[in-house]
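*Asks:* Below, each chain spelled out in residue letters.
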Amino acid sequence: MAHQKKNRNVGIIGIGQTKHSSHREDVNQPELIHEAVSLALKDANLTMKDIDCVVHGNMELFEMVHSPDLWHVLGTGAYGKDSIRITTGGTVGATLSCASDNLVASGMYDIVMAIGFEKLQEGHTTGGITNMACPLWFRKIQAGALTGSSAYDVEREFGLERADRASLMYRIIMDKHASLNPNAHRAFGLDFSQIDDLIRTSPKLVGELKLIEMCSQSDGACCVIYACEKKAKELSKIPVWIRDHITVHKEENFTIFGYDRKYPVLKTHKFAAEQLFKRNGINDPLNYFDVFEMYDPATWWAIDWIRDFFNLQGDEHLRLIEEKEIMIGGKMPINPSGGVIGSNPIGATALVRVAEAALQVRGNAGPHQIPTPVNHALASGFGGTMWTVMTMLEKELNW
Amino acid sequence: MAEYWGVKVEDIFNTMKDRFRPEGAKDVDAVFGYDIAGEGKWKLTVKNNAMTLEKADQLSGCIATMSADGETFVGVNTGKVDATNAFMSGKFKVEGDMGAFGKTGKLFRKFVLAKKEMTTKEYLADMFATIVPRFKAREAEGLEASFGFDLGGPDGGKWTVFIKDKVCTVTETIEGKPTVTLEFNDARDYVDFILGKIDAQSILAAGKASAKGDINMMASKWPILFEKYKDPMAGAVQEQELLVLKKTISLNEKFSTGPIMGKFLKGLKEKKIFANRCPECGRLQLPPREVCAECRVRAGEFVEVGPKGEVRYMDVVYYAMPDPLTGVARETPYGSIFIRLDGCKGNETLPHFIRKDQIEKIQRGWNEKKGTRVRPVWEEKRIGDIWDIKYFEIDE
Amino acid sequence: MGKRLAVCAVAQIKNHPDYHDWRFQNMLLECFEPIVEETKVTFDMDKGIRTIITCSDDMFDARTISDNGITDVVGAHFRGEEKMAQESINGLGYAMACILSGHDDVILFMGHCKESQGESRRMISNLAYDPFYCRPLGMDYHNVDALQARAYMEKSKVTDEHLAKVVVRSRANGKKNPYGRENKIVSEKDVLNSPMYSDPLREMHIYPVTDWAYGMLLCSEKRAKEFTKKPVWITGYGSCMDRYFLGDRDIASNFSLKNAAKRAYAMAGIKDPRKDVQVFELSDQAAHQLPMWAEGVGIAEEGRGGQWIDDGGMERFNVNLSGGQLNGNPLLLGGAARALECYYQLSGQAGKRQVKGAKRAVAQAATGGAGQHQAVIVMEA
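Residue numbers (this note's numbering), protein chains in the order written: chain A, 1 to 399; chain B, 400 to 795; chain C, 796 to 1176.
FYI, nobody ran anything at the bench for these hints, they're computed from the structure.
Any given hint might turn out to be false.
[Unchecked claim] Calculated lysine-lysine pairs in the DSS-like style (CA-CA distance at most 30 angstroms, straight line): (1) B:K479 to A:K270; (2) B:K620 to B:K479; (3) A:K19 to B:K629; (4) B:K629 to B:K557; (5) C:K970 to B:K653; (6) B:K665 to C:K809; (7) A:K262 to B:K768; (8) B:K645 to B:K707.
Could you put the whole structure together from the sequences, leaning on the hints where they help?
*Replies:* Okay, here's the thing in structure tokens:
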């Protein structure tokens, strides 16, 4: 049996996130979580009494806390509730959203709260990421999530100059978006006039990947509340409906560095998008969606994945960037929030994508709200060895 | 010379000698340049655990030069500006050898803002300058009043605060006949009173101050009409010290290698590199894995490949990455290469490192262009570990 | 969709003190292959497995994202995979949600843990506590369980002799379980004379270090007949979280377990577990937890755990015929081991341990010290 319509509809009715920052020495982990939980409850006009189940996730080795939901109950409010802890990689936030959708749609719970969290300043992020590799082999070689391979690919295909300029153009657009988002971690106030200067002066991390092009390491938490259709309509004036989601993982080895055209590499992002859009009857995603919150850990990956997600040909993806069509006000606004490149509390990051996409659908995202109506929104997550999760959000229940 | 947070650019440079840490200057032998827009250029020479600093017209011969405007430079040095933000946004730039410049961080103790006292005169100026911004117009509906201040002593002065049509203005005299006038014998008492160091009762009781006119109106209205004055010096002291617990957590592990990875590692001992083949799609896996993920079947057959091969991809790593198994930072830059060993095809590559001095010479390969040929350099004593291959080097 | 979740096939390797010749990938593969072979399930995007749920732990694997290293051996390459980072029993609850929501109709559920890999599992459970207060005090699951044992034994008149009985019985039952860890058969006297571990818990009162892996094929009501002639059903699930600080909790109260059981029973329509359920599998990480959890799931009277053992409660209610977690299952996987035993019992494959006419079974497991988080599932033939 192919994918089917779900048992009952699920809507997002509450959203809360902390200010993402590298200076949250003023709170411990449960306190940071509590900030997001309080904001989400306030947003939904609910109290913990209304919540049936709490879903928690992050990555244990970043903060070195085992089964952290046990300690974090001080901040999550899960005391006396059903609660589940479910994780994936950087995708974990998106997985929490999928899990919450499943838990509510199943009829087992009416209102579920998802909490994604990370306090990256409490550990060594790149070391933590490298720990994902096999200790017998690749752990001794890997350098966290840092690689210049996407930069190399774009440069080989479109030339160094155009590639570098597109990358910085993307970066500055994200910075301009982040400047409008009070929760964003890094908002430098960059301007397009700095492109050449930054290409020259930003230090290289790996290959052509420059410091300015890589995401930050943030502390932050995000909380989203999901309700069944009946409750969502009762409790919220503007519920945002979850239409569908898909998760696609990939084997442990990267197996992409052969650069042999006779052996095309199946790409997870492309595969996920094709499957999701096919089963939902969406032929032209670029036109269908009004906004896209994409997990963009670095500019180069962002460039590559825009092409994969929307199945673009030739240099269409580059032109979307160069012509600023991905900016607020453009044809396909990407990351009005400033994206992952602006804020990256890893365990929360992919949930922030869903939350920000939902805020856009609600139309009350704040200064970074896009000016045109948002009826259909897309969010993506990224983690592991090119794992992805995609989530489709809708304003109306008319699909 | 402009001041930022009460500090001049020159203050930072002039204190360098006192802040210099010889223990941080071991192995440093270099000249660093500082170019502060509109302020000048400085050359810092560090040699033999000592430093000299000079103003210069040009900065040739420097291993690295940093440039910024005065505000950013002072801000970063005093902690008023987030260094990462300044650096990432290009307000604080370094040209030349970035790694070498990084060492300057250890050369000096932190610049500490000298705690400055505000004088009575400065306080009075600040208190009356902030009257208008602290005024809450919505509370002044229908109110027309004036408040006179006659503050004596060497630092004193006279002020009148007018409120009419929900607008507040301040003059530096006493004009006409204010609704109420406060007279203080010594302006210092007024400052202490506003800062909450002494209370009104004791000043009045001691005859140090008096009021003319409708004092009750002032007592009841003033606290509503104006935000409380905030002492600018109060912010300099942190309310609560935030403690951070530092701890290194390590767990001892023994990782089994299993029959597949084990065979591969054992092979290295004998200078052999084994891949394993998927019985369905035929792809080779390096290092070998239990199954072929694509076909979901066991991949049992081992094939010896290499040991020579062609570089298909290389990442030059500049970021000082700590090895997660040892905690020691890898020396940078290093070249992380993906080698297609002889006998492999497509994406069947093996990751390892290239000899350090050969990074520049490596050509990455693809269908139309061959990559640099490389060969493994083996350790004398091999134990069945990936470092049995020290690194790969160009096969000439 | 539907109302219940079908268990179509299960596979496991024997619980073992140290699979030193296998990576955990090998352990999983031994469970993956028989399931695929037995059920002929595929990974087709329309008709096959689209979603895999795994259970493992980053700390025990010493890997960030412990599920990353096993994508291939659980068939998850280019499919969805989500990791239950909690007691595996919750993976069954979550799988139920995936199926009943309609998002999935076939799910592979696999888990692994190599407790033998790390030098000390106590160092890992110490890391479950906050770094400021409880961690420096040296709290870990074993000595927190010991605090609970002290409080509970006092409350329910459970003695050292009772615990010895529990241990002896667990090892005897474990012997009858072909997948049970090989432990020495001991007498009550041996247990009573065994060294104190964390007073009042003796070494033999605590489950031994164990490596294990399992797999289960789960699907919707509609599709069950494609994979098995005799599915076993999961019809109820409930969980509950207690407070964190021990001082805030009554650790002898079974607060979270009673709630979890109540929720699972309500979902499955169980009114009186003593009458409606024939098999109970409880995750007794320490011996005192067997009578304590028995009180929690409602088959022993509150505060009378000792008397319940004396009255033959363990036999009357068919508790832990598998040997229980006390005989040896790794942390986080006790719940899956309990569910597997229930599956064997309900499908008539329990061999020497078979309870005749078993129609309903309850599996329970806890996450955290002194059972901070509890979950219960109800299974039916």
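*Asks:* Confirm or reject each hint.
*Replies:* A quick look at each hint next to the structure:
1. B:K479 to A:K270: violated (45 angstroms)
2. B:K620 to B:K479: violated (37 angstroms)
3. A:K19 to B:K629: Holds, at roughly 26 angstroms.
4. B:K629 to B:K557: This hinted pair holds, its Cα atoms lying about 21 angstroms apart.
5. C:K970 to B:K653: holds (29 angstroms)
6. B:K665 to C:K809: Satisfied, since the Cα-Cα distance of roughly 28 angstroms is no more than 30 angstroms.
7. A:K262 to B:K768: Holds, at about 14 angstroms.
8. B:K645 to B:K707: Since the Cα atoms of K645 (chain B) and K707 (chain B) sit roughly 46 angstroms apart, the hinted pair is violated (cutoff 30 angstroms).
Consistency with the previously given hints fails for numbers 1, 2 and 8, ordered from lowest to highest.
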